[in-house]
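Colleague: Protein sequences appear in the order of chains C and X. Counting in numbering that gives the first Met the number 0, the first sequence runs from 0 upward without gaps. Counting in numbering that gives the first Met the number 0, the second sequence runs from 0 upward without gaps.
Any given hint might turn out to be false.
Okay, derived cross-link-like pairs now, DSSO-like style, lysine-lysine, Cα gap no bigger than 30 Å in a straight line [unchecked claim]: (1) X:Lys381 <-> C:Lys115; (2) X:Lys124 <-> C:Lys86; (3) X:Lys67 <-> C:Lys419; (4) C:Lys209 <-> X:Lys167; (5) X:Lys233 <-> C:Lys86; (6) C:Lys262 <-> C:Lys419; (7) X:Lys110 <-> C:Lys419; (8) X:Lys67 <-> C:Lys209; (9) C:Lys86 <-> X:Lys14; (10) C:Lys262 <-> X:Lys381; (11) X:Lys205 <-> X:Lys233; (12) X:Lys167 <-> X:Lys147; (13) C:Lys419 <-> X:Lys114; (14) C:Lys86 <-> X:Lys381; (15) C:Lys262 <-> C:Lys86.
Worth flagging that the hints you see were computed from the coordinates, not collected in a lab.
Now for the letters of each chain:
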Amino acid sequence: MRTALLTAANWYESWVIFYLFAISAIYMVLSLTGLVDLLRRRFFQYDPLVERAAEMSSLMPPVSILAPAYNEAASVCQSVRAMLALKYPEFEVIVINDGSTDDTLPLLIREFHLYKSARYFDHTLPSNPIRAVYESIDPIPLVVIDKENGGKSDALNSGLNVARYPLVCGVDADSVLEEHALLSAVRPFLYDPDRVLAVGGIVRVANGCKVSAGRVTEVDLPNSWIARFQVVEYLRAFLGGRVAFSAYNCLVVISGAFGLFSKSALLAVGGYRTDTVGEDMELVMRLHHWARGQGRDYRIVFEPNPVCWTEVPESLGTLRRQRNRWQRGTIETLWAHRGMLLRPRYGTLGMAAFPYFVLFEMFGPLVELTGYVLTLVGLAFGFFAYETAFLFLLASISFGVLLSVASVVLEELTLRRYPKVHDLLLLVVSGVLESLGFRQLLTIWRAGAFLDVLRGRTGWGFMERKGFG
Amino acid sequence: MLRILYSRYWPLLAKLMPLAAFVMYLGAVLMVGRHLTLANPYSRYALAWVVVQSSTLFLVTAGLLANKWVGVRLADRAQLRADRIAEQMVGFALNNQPEAELLRYAQRYRKDFLKVWEGSLTSLKGSARERVLALLPMTGLDRLLQAKVVGSDPGQAVWAISLLRELKQAGSLQTIEEALQHPAETVRASACFALAAHGSDIQQEKVFALLPALPFWQRIVLFQQIQDSPALEKYLSLTFRSPDRTVVLAALEFVLSRQRIQSVGSAAELAASPDLEVRIKFFKALPLLATAEDPANLAATGLSDVDWRVRAMAARACGSLHLSSLTATLAAKLSMSEQAAETGHIARALASLGGESLRRLRSFTNSDNDMTRAVTVEVLEKALLAPGGSR
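Start from the sequences and build out the full structure, keeping to the hints where you can.
Modeller: Structure below.
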């Protein structure tokens with residue numbers, strides 16, 4: 000019996016090591032695909048006229064920007080000012096105050112001279128009751144919805160009901176969009192108007208950057224290591240993964256912090272689902288599910304140029320809650336759309352991207368965590384050779400370092416937002432250090448999300464914001 | 000590199016490159032594995048993988064940092080040169096300083112000079128700008144740019160067109176016209192933009208002929224570039240009567256984009272076009288069209304259309320053109336409308352007409368239809384809050 004257990008443990012450990020190499024290889028291919036695509040964008044010459052002309056044209060499709068806000072008093076005014084200053088011919092900003100208990104609404108009313116308006120809207124999508132709709136007396140395209148708390152998805156559905164334009168852009172109220180973000184994000188809709196359903200932009204870490212009048216005026220790295228690790232993480236997720244998935248039309252996440260959607264497509268799939276904490280991923284999966292189910296020729300695209308700056312948590316408690324929520328969202332979404340798994344009808348998404356997400360994003364933390372526990376137990380009780388334990392450790396660390404440094408390389412070879420040599424060095428060091436403890440901590444938190452899903456835990460948990468002081 | 004990016008083989012290459020790199024990586028792992036002495040093959044190749052991965056990372060990181068270090072220094076030097084050139088350029092443009100020094104810079108640092116020259120054109124106005132424009136032919140760099148326009152590198156061609164079009168010289172425009180045949184779409188598009196803005200009548204006619212077939216985003220840019228000219232008048236007078244819907248739609252988009260009154264002659268056919276998109280765009284553009292028919296009659300046709308989007312655009316036109324004679328029709332349509340967007344357009348039209356129309360609109364605040372009542376209240380509120388909105 001003991002021998003059988005030992006053999007099983009050894010086999011499992013070997014399998015975990017193989018798993019880590021496999022994910023490393025997959026990420027490598029994804030990063031290379033991303034690199035090739037980003038390099039093409041960097042060297043492809045755009046006529047400077049294009050952006051200037053688009054900025055002035057009345058033919059550009061108008062956009063409704065939806066910004067749900069829950070207790071965002073610290074940063075909401077700056078964010079709204081930044082949204083109102085976007086370079087785009089025609090748009091409206093719809094802030095949805097989701098039953099905030101702080102001063103979010105009074106602040107907005109005071110700052111932007113709001114009055115209770117009689118704006119009409121259809122209740123096409125179900126949502127919690129709207130208490131009032133406010134508009135500004137000033138000539139600014141701002142609408143504020145005050146509604147009873149129902150969560151982010153519910154708030155977005157309210158916003159969709161009130162929105163009047165054919166494109167809707169979901170942004171977080173604590174984020175800052177770059178001036179030309181909307182013009183860049185709308186480009187795929189202009190190039191391929193009949194097929195594009197949604198476009199996601201890149202989300203970058205604003206901690207450490209200088210923000211004034213709702214604009215990032217100087218890009219710098221954060222002072223805290225926790226935030227620096229997240230800079231590398233964000234680069235990895237967006238430049239490595241999403242560019243590659245987009246190239247194969249398998250993009251499964253458009254960040255809730257910044258995404259542009261065809262309103263008619265969103266209404267056709269029933270808007271945001273309110274019973275999940277991963278509403279952004281779930282929505283994109285549902286769009287894929289719906290479009291592929293109908294045999295429709297469509298595209299869901301990632302654009303690396305439009306930038307949305309966001310504040311990331313610097314305390315471990317807030318970060319834990321955020322990652323737990325993200326992982327629960329991934330699990331819930333993949334479970335809800337399990338019907339697409341390995342079904343040829345859903346093309347590369349069903350046959351490649353979906354299995355990848357199940358194997359490596361959903362179960363990844365569990366596999367890695369059991370690998371760590373087994374290694375420690377194996378070493379303590381002497382049933383693992385040091386060679387095996389050493390290999391596992393090497394595989395785990397080098398896998399993490401590879402991904403992190405690859406993302407820094409992608410950033411430097413393509414978009415180059417961090418101007419100093421010192422910044423680049425810090426990013427590389429962060430990429431290495433991240434794998435020596437921080438990533439393992441995230442693995443534990445993400446694995447904990449499984450238990451929470453099994454226990455039926457819902458809700459977002461408290462998110463602390465400092466604001467862009 | 001750029002030629003590959005613009006070539007038709009690029010999509011295939013883009014797919015193969017990551018795989019090829021991965022195969023090379025795997026080959027390196029196998030080679031290193033052979034030289035390791037661990038007995039267990041699994042451990043041996045796993046270690047080989049880690050060795051290859053770590054070495055690659057080390058090399059990439061070192062290369063990256065070195066590249067950044069060198070890049071930052073080169074950029075600093077280029078900036079210094081550009082600052083010196085800019086200083087000279089300002090002196091030349093504003094203070095009539097001699098151009099000899101600038102011409103020396105232009106020969107020695109072509110790229111830096113052209114960058115500063117391009118920047119000056121956006122920041123300078125009037126005679127100063129004219130002086131800067133005249134500088135390029137003096138340097139002889141315009142001939143270099145002309146060669147790039149018809150060269151095989153599309154990136155350089157687009158850049159050269161964006162500089163040469165500012166000169167508005169026949170010779171440069173002739174070269175740009177040749178770029179209409181360039182194999183790269185992006186170059187053809189840039190050539191179109193340049194000729195639409197500064198080309199001769201014949202060159203403009205060539206661009207107009209291409210217009211309906213251009214992708215939507217190119218049309219958007221092109222419409223912003225087209226200048227008033229006899230060629231444009233001639234083109235527009237023909238397009239509205241074209242049997243080709245794409246030609247008509249492009250012309251209507253053009254009118255909408257320019258937001259200037261355009262004479263179109265008889266428009267009854269467009270108002271009754273069997274093509275829904277043409278009807279929608281026609282009524283959207285109606286306030287900007289000088290038609291042979293009475294616009295009220297045309298708008299009335301639109302208000303009785305079977306599609307609510309056409310009716311909505313016709314209502315909008317009634318408001319913009321102040322067609323008070325259609326008040327009764329608008330009110331009747333408002334009572335029947337089932338679409339909030341259509342109701343909104345009709346209500347706004349009645350509000351903007353004022354007087355009797357506004358009184359009629361107010362009566363809908365007692366409508367039995369919840370949607371009509373709510374939209375009416377919203378529109379009246381907006382009318383009251385608008386500047387001078389106490390009518």
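Colleague: Compare the structure with each hint and give your call.
Modeller: Here's how the hints hold up against the structure:
For the suggested pair Lys381 of chain X and Lys115 of chain C, the alpha carbons sit about 12 Å apart, so the restraint of at most 30 Å is met. For the given pair, Lys124 of chain X sits about 24 Å from Lys86 of chain C by alpha-carbon distance, which is consistent with the 30 Å threshold. Distance check on the hinted pair: Lys67 of chain X and Lys419 of chain C sit about 8 Å apart at the alpha-carbon level, within 30 Å; holds. Using a Cα cut-off of 30 Å, the hinted pair Lys209 of chain C and Lys167 of chain X is violated, with the two alpha carbons roughly 42 Å apart.
Simply put, Lys233 of chain X and Lys86 of chain C have alpha-carbon atoms about 35 Å apart, too far for the 30 Å limit, and the pair is violated. Of the supplied pair hints, the one linking Lys262 of chain C and Lys419 of chain C is violated, its CA atoms being roughly 41 Å apart against a limit of 30 Å. Straight-line distance between C-alpha atoms of Lys110 of chain X and Lys419 of chain C comes to about 24 Å, which keeps the hinted pair within the 30 Å bound. Distance hint between Lys67 of chain X and Lys209 of chain C is fulfilled; the C-alpha atoms sit about 23 Å from each other, no more than 30 Å.
Pair hint Lys86 of chain C plus Lys14 of chain X does not hold up; C-alpha atoms about 35 Å apart against a cutoff of 30 Å. A hinted pair counts as satisfied when its Cα atoms are at most 30 Å apart, and Lys262 of chain C with Lys381 of chain X qualifies at roughly 25 Å. Taking the CA atoms of Lys205 of chain X and Lys233 of chain X, the gap is near 13 Å; set against the 30 Å cutoff, the hint holds. Distance check on the hinted pair: Lys167 of chain X and Lys147 of chain X sit about 17 Å apart at the alpha-carbon level, within 30 Å; holds.
Of the supplied pair hints, the one linking Lys419 of chain C and Lys114 of chain X holds, its CA atoms being roughly 23 Å apart against a limit of 30 Å. Between Lys86 of chain C and Lys381 of chain X the CA atoms are separated by roughly 25 Å; this keeps the pair inside 30 Å, and the hint holds. Proposed proximity of Lys262 of chain C and Lys86 of chain C is supported: the alpha carbons are some 21 Å apart, at most 30 Å.
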